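We have chain A; now place chains B, C, D, E and F onto it with these hints.
6 protein chains.
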Amino acid sequence: MTKATTAQKAEILSQALPYIQKYHGKTVVIKYGGNAMINEELKTAVMGDICLLSCIGIRVVLVHGGGPELSAMLKKVGKESKFINGLRYTDEETRDLAQMVFAGKLNKDLVAQINAQGGRAMGLCGVDGNMLTVKKKESDIDYGYVGEMTAVDPGPINAVLDAGYIPVITCVGADENGVIYNVNADTMACYVATAVQAENIILMTDIRGLLEDKDDENTLITSVYTNEIPELIEKGIVAGGMIPKLQCCVDTINSGVAKAAIIDGRILHAILIEMLSNEGIGTMIYKGED
Amino acid sequence: MTKATTAQKAEILSQALPYIQKYHGKTVVIKYGGNAMINEELKTAVMGDICLLSCIGIRVVLVHGGGPELSAMLKKVGKESKFINGLRYTDEETRDLAQMVFAGKLNKDLVAQINAQGGRAMGLCGVDGNMLTVKKKESDIDYGYVGEMTAVDPGPINAVLDAGYIPVITCVGADENGVIYNVNADTMACYVATAVQAENIILMTDIRGLLEDKDDENTLITSVYTNEIPELIEKGIVAGGMIPKLQCCVDTINSGVAKAAIIDGRILHAILIEMLSNEGIGTMIYKGED
Amino acid sequence: MTKATTAQKAEILSQALPYIQKYHGKTVVIKYGGNAMINEELKTAVMGDICLLSCIGIRVVLVHGGGPELSAMLKKVGKESKFINGLRYTDEETRDLAQMVFAGKLNKDLVAQINAQGGRAMGLCGVDGNMLTVKKKESDIDYGYVGEMTAVDPGPINAVLDAGYIPVITCVGADENGVIYNVNADTMACYVATAVQAENIILMTDIRGLLEDKDDENTLITSVYTNEIPELIEKGIVAGGMIPKLQCCVDTINSGVAKAAIIDGRILHAILIEMLSNEGIGTMIYKGED
Amino acid sequence: MTKATTAQKAEILSQALPYIQKYHGKTVVIKYGGNAMINEELKTAVMGDICLLSCIGIRVVLVHGGGPELSAMLKKVGKESKFINGLRYTDEETRDLAQMVFAGKLNKDLVAQINAQGGRAMGLCGVDGNMLTVKKKESDIDYGYVGEMTAVDPGPINAVLDAGYIPVITCVGADENGVIYNVNADTMACYVATAVQAENIILMTDIRGLLEDKDDENTLITSVYTNEIPELIEKGIVAGGMIPKLQCCVDTINSGVAKAAIIDGRILHAILIEMLSNEGIGTMIYKGED
Amino acid sequence: MTKATTAQKAEILSQALPYIQKYHGKTVVIKYGGNAMINEELKTAVMGDICLLSCIGIRVVLVHGGGPELSAMLKKVGKESKFINGLRYTDEETRDLAQMVFAGKLNKDLVAQINAQGGRAMGLCGVDGNMLTVKKKESDIDYGYVGEMTAVDPGPINAVLDAGYIPVITCVGADENGVIYNVNADTMACYVATAVQAENIILMTDIRGLLEDKDDENTLITSVYTNEIPELIEKGIVAGGMIPKLQCCVDTINSGVAKAAIIDGRILHAILIEMLSNEGIGTMIYKGED
Amino acid sequence: MTKATTAQKAEILSQALPYIQKYHGKTVVIKYGGNAMINEELKTAVMGDICLLSCIGIRVVLVHGGGPELSAMLKKVGKESKFINGLRYTDEETRDLAQMVFAGKLNKDLVAQINAQGGRAMGLCGVDGNMLTVKKKESDIDYGYVGEMTAVDPGPINAVLDAGYIPVITCVGADENGVIYNVNADTMACYVATAVQAENIILMTDIRGLLEDKDDENTLITSVYTNEIPELIEKGIVAGGMIPKLQCCVDTINSGVAKAAIIDGRILHAILIEMLSNEGIGTMIYKGED
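Chains as they are written, first to last, in my numbering: chain A, 10 to 299; chain B, 10 to 299; chain C, 10 to 299; chain D, 10 to 299; chain E, 10 to 299; chain F, 10 to 299.
Chain A extracted, bound-state conformation (with noise of 0.2 angstroms):
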């Protein structure tokens, strides 16, 4: 790869112009997972990412699970992780594990390593300032403390956002009780996003995007519209566990949020291509006609 010269980056600047126009002083949610937050490389860009995109006057709020870490956790314990119908079966224990994991270790570290970066962030969780509203999971089946939301306030979040930090939250929240659940990450950034009347929200994976031929990465549908989802989770191409976050992303859409994008996060600067740049990385999600 030839270095760019001086004149090219310059350039390249000077054509962020319109995209970051185009975000200024408005709210984006971005749900981090995956490979992104593993690869310690991929960590530190997708954290100077945030810092540039809070820096050029993007209120970006940045949320996270980590269902890896969590599991690793639980291994070192002796505690074997059980699964019933691809959910975690989370007992008092594991939701402790998971509340020490989420909020306490990979949160923090989070922040640290925006802070270091000369960003200014500041961790939070569900529970703080009793940003979630939480029950216990309706089901059947018990899966133990695995809640679901039934409030979001945005109170907690915009006055972090007001006062100039990058808030960075984590999917754990209380009942009325005080009882602390463990929530989805992608449902809550869903959540969050319509709350705080996001203008985007990104959700990283470790996928392409979605493929027409799920083995063939040069099919990629690069954009699609909430009411051809219904036709492509018949054909198939949308399955799995994919479904439900693109229910969770047609949620958003229909409350509000213009668009929902799906990004592969194992790309370096992946945010910043989908943000600043008119590449196309990813599946955009608009809202379609009824």
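The hints are simulated quantities; they were obtained by calculation from the structure and are not laboratory data. All values derive from a computational prediction rather than experimental measurement. Hints are supplied without guarantee of correctness; some may be wrong.
The list cannot tell twin chains apart, which means a pair is met if one copy fits it or any two copies do.
SDA-like, lysine to any residue: derived pairs with alpha carbons at most 25 angstroms apart [claimed, not checked]:
| hint | residue 1 | residue 2 |
| --- | --- | --- |
| 1 | K146 | A125 |
| 2 | K31 | P163 |
| 3 | K52 | M251 |
| 4 | K52 | K144 |
| 5 | K144 | G127 |
| 6 | K35 | Q126 |
Positioned in the frame of chain A, the structure of chains B, C, D, E and F alone reads:
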């Protein structure tokens, strides 16, 4: 104990007026720990007291550590606690577990309990908003990830207070490269009190206060001046772990905080008694003339 | 009466939390009068209670008249009080004396007493800031300078509250030509409560509350709904001067104020008991379903 | 007197520009009293002038007493006015009547008249918001409830001005126990002018100004410097009640108020002439070089 | 003309009170032009009047063109003015000269004169802050760079007013590509009045107002309702250039501006007479009932 | 030149982070002139760069003159430019034309171009808001309407910046009588930088920077300290028109502005390269130790 009559209740409320007037709009830092953090009844009462103080217009900042809970966690993962000169040697794994227990488990549990009693708390640690600047403890002995504070930015704490939330802060912080260290919770409370220009600092302990005769609670020293401390140390009335605790109080008072109170957290509603009544409880430290 | 222990005192303070939370930041209008305005011990206690409520974040508005003091003044200048259908006939001289006694003597005395207890009060009447729009009472009978309110501007009251002062307001107002009239203090309190969108209105009286049997205080009606009032009037449980007082409460509740409380001002700290405890005192009026 | 033409009227308005610019946003304290307070035409004109000054962006504070009205009231209740060394001996009954006449009758009447001309006034006394700190006058002779000021808090006055109201303030205040005293209105106006850092103080009197020859109005001294006052006293040009009045002006000017004006309240619109024209009226006092 | 006495002057100032109260805090748009812009004495007087209105709390917006000065400039560079249907054909060179004369010379000269009289003005044109959205005039005939407005953003005007400056605005604007056009100053004044929700618009002209008989100034029509305009046009009382001017006034009034005044700029202080007195000057247009 | 890949583009954007952080919320004054003002491609690029800097949170102030355009205009009206000691002799006609060309044509054209690229600019000159206080240049030689600055009020500039607009300011100002003068644009930029307490001042020129050997661009001096300037003048490295330009930079740095940059406006995006990269471009001037 005879039940108080309605008339007595009203009289008692009305007697709190001068104390409420005194602290109205002022900041008070409370170091929470010891028995009051382990006993569930006491914990619930303390969280209720915090709610009450906050609700009547006092800017309360709660600082906490969690040594016993960390020891329990270390035991759980089969790791022995190792102390050098009374300081816990903190290897990377211990640091990670401390971060998890303090910032993930205890901190968010306290926040959840305050919120469940109708308060509005936000859980932070020294990393958030880059509140603490920390470096590895300078010493001939290597204590691992034990840090010492070099600066405290009151910005994040005041932002949270100004937005109407009670900051609940735990004792981890990061250096300028984002490396996280444990810090001493008592010391952190004192630094925070100085940074936010608190009116008072209250340290909850498991002792009745300073005692002339350590075996006789009737010899409680109810107040002491900073310039009398050296003599108390010399006499052995202040000894062991109380020496650095008191030294820290002296520094805080010298920086402009009007009073430090060492109170007995084993007494129900000890904070309310100390702040909203004329009853003697524990030992007060005031600035002495040089 | 046994003296309360320190532990009891702290417990009692802590029990006030839910009530303080309920009223925090809300506006409460208190109509002050009767015995509590004449008895010095009661007066001092009421002014202290007002200070306490204000200090813990409740926006208190005190409204008062002063019939007995006016009668005394009239007697002093050798003028007889003249009543028609229970309303004082108010010639120009009587109007002037009322203005002097209410706005000059009683109002400023109350302000001075609140201030002497550490509060910050400001004494106003309906003329100040053109708060009340008044016109001569429409009636077949000429009552002289007896006015009726046609509008209340909450502006001056809110300005005083927002600047951190307790408004103490008395019952005179001016018409559009600057002619001053007396108005009824109960009615004024109700109008003010509606204008400032108060949470509650409290009317201090010299009775225990509404009684099923007017001669038996054990028959106190602790709560009543607005739609039950007509029946109470029919039954004679509400009679005489209580009829317009209650009608005024009903109007206030219909305008959106949640509760009207008729309390016995002869009981020490009656306001604190009513607002900060779960003890029954007096009669509460709530909105009834139509 | 020939009626002014439209062209003349417009010209006169336009000539006021530099004077309006000079006082715009500045605070001016006007001590109102004498004939201008008794004669109805003059009173109406003064209240209109106050409205005008306030409306064009000048922060006007009106201070008033009411000696003649108090004497009339005392007479009415059959009580003789008693003076010692020119000071009214003020027993408790007299103090109460003063409070009633000043704060209840005159103050609210003035407020009503300003409001009736479209202004927005609020009537206060030194008790309100604890504006004045007063103590019993120190003297070998007991004057009763005659107070002297020890401090003035500009807070309540500025709060009222900032909220867009004209403060109309009368001359009673309380000591720290809430005991009310009369204070001298001229002195109070001077203290208030200092506290609010007024641009000017205007004292309305019933004389043409300082006269070289007290029997010849043509010998009016139009301006005088503070350092010339002692000589004027020595010469007898300033004598009697004018001595304390002028001394008070000198103190006010020494505290930073630029000018004191002694004007003749018997002249219609004297305030407007003094403030918005280049016409000489009364005597101006400026700071003299030491 | 007899010189006004001091008493008359004061009386005249005091008579302005109700007019000042009426306009206080309101926005007034003044279209400045004609003789008042050419005659130096008139110009100085108008700028002084603007200062006065601004200083007494009226939000004044001055809008101006400069046809005669542009014609002079064109002549200077040897270019003939060319008119089609009364509209100046504006080629690129003419447009550039208009921009220079209007925005460079006249606008800044007016600002300098207001400032020299103690006012605080800021000179703008429709390009500044993208205040006007303009497009090339739609017509069968090509008028060159003659634009018509499609939108007015009150933001820049209010920003300047809120910062305490008098906006002086001239009649050029740009389309979305940054191409600059001339617009009609009368029309622009009307659009601006609508955008800033002005209380009044005043159009300074060189005529006495609408006349029943155009040759007899004694037949001045002092007020007219919008619904009477068609009849006036039909009768020929409104004719020629007055037709679009009046139509524009009608639109402005229909958009919520209370009054349009066509006044004779040849009269000294015509603006003050119109705004601050009850003297008839020119023709007022009010909203007529449909 | 090879086209940059998407990955390179993202990398380049991410590398700008520390520079954006450095200038975020700071004020930068850019003196615009020379080739970059004549060449259309360069002009468009500069206006885009200004938009970018403004959009990412830098408070940009653009200052410009327009000598060549004025000369062209003078020629057009058949008037010869006359220079004395390198300074244009400015008679009244020349002054008028300068005002028209600078404040009417160039200023508004620049504003229109910034706006057309999505920025929000407001065009001002030194007369607006009385920003500059100017007097006739003191000299033995009469230069006509050539002024020198005696004071700069940052108020109008900050008001425009605070309202979210980019101030574009040209080099004419008025004396206290409203007489308009031309001032030197470089000097004005320096004065403005001092008044607004800018972080940096950037002077766009048509040279590569200071050169050791004026004929060899490879001898560019990339940085110089203020205390080295005298030697550079002595050596002839700084000569001619560069002497006053540099002297002005030195004064600005001495007043607290951290850096002056002399950059080559002929290079595309020279401002972005200077501010957002670590590439050397032009000559930086820093404060030298005395």
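Unsatisfied constraints (hint numbers, rising): The structure breaks none of the hints.
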